[in-house]
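Starting from two chains that each stand alone, build the complex the way the hints lay out.
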Amino acid sequence: MLAQQIVNGLSLGAIYALIALGYTLVYGILAMINFAHSEVLMMGSFAALGAAALAPSMFGTGVLALAGLFAASMLAAGALNATIERLAYRPLRRHSRLTPLISAIGVSIILQNAVFLWVSDQSLAFPQPLSGDAFTLPGGAQISALQALTLAAALALMVLLHLFVEKTRMGRAMRACADDLEAAGLMGVDADVVIAVTFFVGGALGGAAGVLYSMSYGSTKYNLGFLPGAKAFTAAVLGGIGNVRGAVLGGFLLGFLEVLSAGYIPNGAQWRDVIAFSVLILVLLARPSGLLGERVAEKV
Amino acid sequence: MSAPLLSVEDLSQHFGGLKAVEGVTLSVSRGEIVSVIGPNGAGKTTFFNVLTGVYPGTRGRVSFDGEPIRGLAPHEIVARGVSRTFQNIRLFADMSAAENVMVGRHARTRQLLLGPLLRTKAFLEEEKAVEARAVELLDFVGLRSLGNERARNLPYGAQRRLEIARALAAEPKLLILDEPTAGMNPVESAELVSLVRRVRERGVTVLLIEHQMRVVLDVSDRVAVFDYGVKIAEGAPRAVMADPRVIEAYLGREGA
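The listed protein sequences correspond, in order, to chains A and B.
Note that the working numbering numbers the first sequence so that position 131 is 131, with each residue one more than the last.
Note that the working numbering numbers the second sequence so that position 185 is 1185, with each residue one more than the last.
Excised from the complex, chain B in its bound form (with noise of 0.2 Å):
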């Protein structure tokens, strides 16, 4: 088996005395998808928030792609092929779809600031390479038709694949999804499974934080379980949700 394309050891965030995470070793292997998931306030967020770098994280290693990552500025995360997506929704509200998705590619563009100012032939045609893949990226999310809308103007769960098209323009490795089906009903939820595992035939590894189980089951190579701030349960999805701990997590302890 070749090396793990993210892994993480012995990493913790604490906010003062706030373990939000704590010790949590966990390894992401290329091609998979992997999923965390755990009760409000387990510590999901902040976990992903650190590997995104967000938080510069307290203690442990974060490596990618064989090299460490973890205190690095976010865009050079996401320059080392790292991006993601938002639990809510944190698009360029007045920006048209297709000029989210075309930030989305800053990490990937060279010309900057002379090129588009004297309109240069290698901004001009690096301009059209963006377009183009931004058009891609609307389509395969299956919003096509929706490049020029406003995207405050867009349906929820168009809003949702369009910060998937955003991440993906970035071409990361590893795309990392907080909470993907949030607020969608089960044929959206269904649909989105359908996206993820279109992602992953990309060649994009997909991490993600998911509370419906149903998509989790369905989508999931592997679960995580984080509980105050501590994986507690790890494997594969139907052996995961039988284990006594995670159910204790979820719903308490019988009799207490």
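Same shape as in the complex, but just chain A (with noise of 0.2 Å):
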């Protein structure tokens, strides 16, 4: 059932890509890992079940209770990563390259534990906002409602990414810093803001993952974050990390693989990630730079 895995492959892909585009964002402006992208999107999974508590009509099904997750979930990632670089990356950003990376472990440990010791050790359930229907494609594969809703959410939002990095002024001073930080700002840019922004909309993208995510397991976690982080940060490392089509290519490739290796060799299931991490690393031998990247040898 090929056509079945590639259904399959690209709403996983789907997920995995708009988490890497929040590390690549960041890499490509200030050549730092956020480790703490993990727990960003965790973060926005526990604000939209936290609004959905406060607004219980959430938990029904329809448009609105999904606009409302959606909502919830990109606006409370969004600034809480933006937070995150004020308070933990910003005041270290001229030292080590290695000081805000440990900073971003450590924001991570304790998002984790605020919400492992305040929230909850369990799984929570989510809302489903979707039936349970399944529509059948032309070739005789399936495509679940939330499967259909992924691939939506996920190519609109790299749509208004693409316009909003390439059309609006911010977008233009985001590509100016990525390419020269420091002579954006003695250009005039505010390299400051454009941070914040960057961290904001990485946050947002993570965010909607985060929705996405929760609702294909029908719960949410405190480690709920950690192995699609773990996953989207080498599909961002695939891509080329700091290349934005990198980031998309990187991500709909790790879902491929794991799909087919789940669907086409025995016992795959088990193997998925062990195969995956694997040709992470065989790509990476031929192309040290990622397959997109180009200039990563300068950042690192």
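The set of hints was computed from the structure by calculation and includes no laboratory data.
Positions of the beta carbon are idealized from the N, C-alpha and C atoms, including for glycine.
Don't take each hint at face value.
What the hints assert, rightly or not - Heads up, incomplete: computed chain B residues facing chain A, CB under 8 Å, no partners named:
no., residue
1, T1052
2, V1054
3, P1056
4, T1058
5, R1059
6, V1078
7, R1084
8, F1086
9, M1095
10, E1099
11, V1103
12, G1104
13, H1106
14, T1109
15, A1170
16, P1186
Below, the structure is given as structure tokens:
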């Protein structure tokens, strides 16, 4: 059932791609891996759950409930990511590159533990605003409503991101900062504002992924972000970290790899992470800067 | 005589024990073209980096247009009216020439986020003005037909001139040029001299680092000479060139 695997690969890859964009946007400007990004998407998922607890109609089905979950998660995750940058990374920006990295790992541990201790150490049921219907595509593959939503949402967000980066003045300033942060400042661009916006945008994309991921499991948990975060980081590196198109490509490739190894290799479901990461290592041996990366060597 | 546009008093920038700039005093009047010269490692670029906010400065005062600017962030100094080019070209290589100039306009525009996303009237008008300005500046530096080229694909001399257009986009009162003729042949250098003069005709004061003595003599109203982080001489170009201390700094003491 190759057609079915393609559908599954696309929808899994779309989630990885959304998260990978958050890593790559930040890396593109600060040459820093935001290791707290996993927790940003987890916090987005909890923010959506919290909003639903305040407005129980969000536990129902329908477009409004769906929009509410996305809005809560994306705003919260974006604001949280920008706040983390302000408090934990900006004061360290002029230090060695390892310093903010350690700060990021610290933030990640703090956020996980805060949710673990103060909210819950258990899986909590996540709203399911979609019906369980599946549609049959030409070719016989089934696509669930959630998979269709995942693809549509990811595509829409990617188009919006593209327009933002290419067509707005802030996007132009972001590209200038990604090219040469210091020179951009000397040309009158307020780098702090651009960096804050970058973290917000990256966090919001992660928040959207957090909702989609939680809906696919029907629940959320304090460590929800770890695995997709690690995989999406892998995807970003695979595509060429710092490169926006690379993050999307890497996300989809990783999604396909996992789904195909699960579908076609005996016991593949258990081995899929091993297979995916082995392929990653092979790709990086051949192309250390990732598939679409150009200038990583200069930045690392 | 009116107050100077730029007034630097006793400015120092130390890096640990290294006194890269030490006790420099210099003022630049409106409409002047002033050159800073000196051997390699004399602290000229460091001096420019303190003026433009790359380094905070260790001691001393910098006032621009009557207000202190030392220690401000680079983009704040741009907003006050100082912009610059770089010794090693630092264009935004993957952007078009026109986009580079438009980024230079950033400090003079208001509509950042909502306007562009909602395509508000205020934004569209402002963006139109930004584009018109970019075209005018590209034309001014002789790159009108190359606006859509990626910066990285421009010939070397054109990249240097694009940096000047990008810096002018911020509507500076003072333009700081760090070795604008580096790597240029005599013909290109002469063109650059005339461009610098035309920049002044726009009402922009110019402070530049320059190594080619022919250019220095051609373009400068006044010259300041740096050596080992200290200003060792200042005055009219020909007088400075004849100053024994300057000759010594460049050539070493006779018999030493």
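Against the structure, the hints come out as follows:
1. T1052: Interface hint status for T1052(B): holds (6 Å vs cutoff 8 Å).
2. V1054: Since chain A brings a Cβ to about 7 Å from V1054(B), closer than 8 Å, the hint holds.
3. P1056: violated (11 Å)
4. T1058: At about 16 Å, which exceeds the 8 Å cut-off, the nearest Cβ of chain A leaves the hint on T1058(B) violated.
5. R1059: Since the shortest Cβ distance to chain A is 20 Å, the answer is violated.
6. V1078: holds (4 Å)
7. R1084: holds (6 Å)
8. F1086: holds (7 Å)
9. M1095: holds (6 Å)
10. E1099: Since the shortest Cβ distance to chain A is 6 Å, the answer is holds.
11. V1103: holds (5 Å)
12. G1104: Holds, about 5 Å.
13. H1106: holds (5 Å)
14. T1109: OK, holds: T1109(B) within 8 Å of chain A, min 7 Å.
15. A1170: This interface hint holds because 5 Å falls under the 8 Å limit.
16. P1186: Interface hint status for P1186(B): violated (29 Å vs cutoff 8 Å).
Checked against the numbered hints given earlier, the structure breaks hints 3, 4, 5 and 16 and satisfies all the rest.
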